Every structure is written in structure tokens, then in C-alpha cells.
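Quick mapping for you: the protein sequence lines, in order, are chains A and B.
Taken in order, the first sequence gives residues 1 to 179; the numbers are from our numbering.
Taken in order, the second sequence gives residues 1 to 179; the numbers are from our numbering.
Calculated from the structure, these hints are not laboratory results.
Keep in mind it's a predicted model, so treat the numbers as computed, not measured.
Treat the hints with caution; some may be incorrect.
As the list makes no split between identical chains, a pair holds if one copy fits it or if it spans any two.
Stated by the list, open to error - Cut-off 30 Å, straight-line C-alpha distance, at most; resulting in silico cross-link-like pairs (DSSO-like, lysine-lysine): (1) K2 - K165; (2) K125 - K165; (3) K125 - K2; (4) K2 - K130; (5) K100 - K130; (6) K74 - K130; (7) K165 - K49.
Protein chains: 2
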Amino acid sequence: MKALTIWLTGLPCSGKTTLANLLFRSLLEQGVTNVEVLDGDVVRTHLSKGLGFSRADRDTNILRIGWVCQVLTKHGVCSIVAAVSPFRAGRNDVRAMVEKAGGPGSFVEVWVRCGVEECIRRDVKGMYAKALRGEIQQFTGVSDPYEEPLDAEVVVDTSTESPSKSVSRILEVVNRVTQ
Amino acid sequence: MKALTIWLTGLPCSGKTTLANLLFRSLLEQGVTNVEVLDGDVVRTHLSKGLGFSRADRDTNILRIGWVCQVLTKHGVCSIVAAVSPFRAGRNDVRAMVEKAGGPGSFVEVWVRCGVEECIRRDVKGMYAKALRGEIQQFTGVSDPYEEPLDAEVVVDTSTESPSKSVSRILEVVNRVTQ
Numbered sequence: 001m002k003a004l005t006i007w008l009t010g011l012p013c014s015g016k017t018t019l020a021n022l023l024f025r026s027l028l029e030q031g032v033t034n035v036e037v038l039d040g041d042v043v044r045t046h047l048s049k050g051l052g053f054s055r056a057d058r059d060t061n062i063l064r065i066g067w068v069c070q071v072l073t074k075h076g077v078c079s080i081v082a083a084v085s086p087f088r089a090g091r092n093d094v095r096a097m098v099e100k101a102g103g104p105g106s107f108v109e110v111w112v113r114c115g116v117e118e119c120i121r122r123d124v125k126g127m128y129a130k131a132l133r134g135e136i137q138q139f140t141g142v143s144d145p146y147e148e149p150l151d152a153e154v155v156v157d158t159s160t161e162s163p164s165k166s167v168s169r170i171l172e173v174v175n176r177v178t179q
Numbered sequence: 001m002k003a004l005t006i007w008l009t010g011l012p013c014s015g016k017t018t019l020a021n022l023l024f025r026s027l028l029e030q031g032v033t034n035v036e037v038l039d040g041d042v043v044r045t046h047l048s049k050g051l052g053f054s055r056a057d058r059d060t061n062i063l064r065i066g067w068v069c070q071v072l073t074k075h076g077v078c079s080i081v082a083a084v085s086p087f088r089a090g091r092n093d094v095r096a097m098v099e100k101a102g103g104p105g106s107f108v109e110v111w112v113r114c115g116v117e118e119c120i121r122r123d124v125k126g127m128y129a130k131a132l133r134g135e136i137q138q139f140t141g142v143s144d145p146y147e148e149p150l151d152a153e154v155v156v157d158t159s160t161e162s163p164s165k166s167v168s169r170i171l172e173v174v175n176r177v178t179q
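Bound conformation, chain A alone (with noise of 0.2 Å):
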């Protein structure tokens, strides 16, 4: 498959690990085996231990990912990243660098939309509730902000939709512009 970039952004719990996780498998069912997963809090431990959650911080770490991102996109191999990633001008960055390396329709950026009732609910580490009561500073959703995608290539509702329909969803796109 023509090397691209899958990019997905969305709240704390709102499913971007299980997406990715999901399109990683579903892609290998396809005969695709040159994608690589870059998840959010592995990368932390890889590339960004220390960094913390200042806008700053959260700027570096994304950059980070984007340029191992846009590194393996120039020499075939697809990412897909499951990162928050709340800030628009930092995606921003990141798909230039990526469209640089591997050409436009190599971005493909997925908003992993889910209200945050629903995100808190989930809890999957208990961290909402840990920012609900004031112990986690700077927590996306809590107690910083999330500027949603203005112009994602695909805009999944984790709310509504099964896993399943929400991969498929994303593939029809990545299968589309990867033609």
C-alpha cells in the first residue's frame, strides 16, 4: 500500500487505541504489512519521557511523532498514531511534514469524536477521575482544551457507532486516496 500517515485525534478514552489497534489487524488481513502503530503513550515512554503537558510539551511530543511519522512515510511505511494531540496548529505541523515527505492524500486525519460524558464514563484508567477531583492538572477535556479538527479527513462517532463500523469507515477513506 502506498505509504500514508493515519492520523487519530480525540479525547482521553474516546477509542483511538482500540481504532488503531483495529486498523492495524484489519489492514494485515489485507496483505499490508508495512504499517507501523505509533501509540500515544508508548511513544511517551520512547521518545518523550519528561516532556509533561504543558502546551509546550504537548507541541513537542506530536512533533516528535510526526517526524518519525513522516521518516517512515518516505520510505513506504505507514503510520497510524493514536495520540490526543488537542492542539490544531500542532496537527497542522505534522501534516505538512508528512505531505512533504510522502505527497498530498498522504494525511489522513481522523477526528475520534465522543462527548466527554461519554469519555468519563468509560474512565478506562480512572484518569477523568483523578482531573474531576483536582489530582491530574492540564487534563485534555477536564481541565485543557481540545480544539477539534476543522477539516478531518474522516470524522468517526465512537458513541454511536461499533468499533468495527468506525474502522471500516476509515478504511473506504485510506483505501481512496491510497489508489
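With chain A fixed as given, assemble chain B onto it according to the hints.
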């Protein structure tokens, strides 16, 4: 070409970047296009801004580069790294990561050997002069240790041999391990 990482380690001004760029060009001339140069200085900008030169920060920097190398190796892309990487343990950690991704023979350590007197004479960016005047702390070769490789796959001596001679000796080993 089978993916591998060519890791050039040595003192500042020993000639790592020169050799990395020459290696890159030679491989391109051989028709090998799945190659990426990761130069220590460039990587510090994209992956390791904010890190200093303490032992811990140096190790973190090297591990980040190594993490990128193993992702690239895994997907069939060769990396050429030019980084002082003064500590044996850090280099061995990277070797383990890359070989885990690419199998035995996928990590070629090249010791770019050059006496510190000759490096001081070259002093491309005037950094040795500053370090000798005490204006830079923890400068490898002056006020910070360089642990010489014990089992490098290749040792080149840039004070006695020409860059093209060094490159051809490195490529000999590379071609042997990628057969």
C-alpha cells in the same frame, strides 16, 4: 538491501558525519534507496531538544535514536547513524533493540577512531577550544569519558586513512553481513 543499522561512534570531529554522508551517497550509487541518515546533531533537534549532556541524558538520546533505528530496520529501511554515543552500555542497548527487530547481523558498529589531538586540530565548530577553556562542560574527549568499543564490527582510523578508504572498508563489512 537487507535492512541494517550502521552505527558510527567516535569523538567529536572524528569524522562520523563525513563518513555517514559518503556512505549514504555510495549506497545510493549502488542503487540502494532504502536508507536514512540519522545525524546526531539533527536528531537532537527533532527528538531530543531539551536534553543535556549528563550521562542520563546522553543515554536517553541514544536510546531514542536506537528506537527509531529498530522501527526502520523492522520495516526494511537501513539507518546510518552518526552519534558520539560515548557509553558502551548505551551502544549495546541499541544493538540489542536493533537485532531484536532485524536479526543477527543487523547492527554494524563502526568505531570512527581518531586521536583526540587530531580532533582538537580539526575542531570544525570550535567546540574543543571552548571545552578546553572550560566554557563547555561534559565535552566528550576533554571533560567527559569516551568508552572505546571492544567488539566493533569495523574500526576505521580517520587520522591515517582517507574517507573513501574508510567508506570502502565499512561497505565491505556491510555487503558481507547483508549477503
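In ascending order, which of the hints set out earlier in this document are inconsistent with the structure? 3, 4, 5, 6, 7
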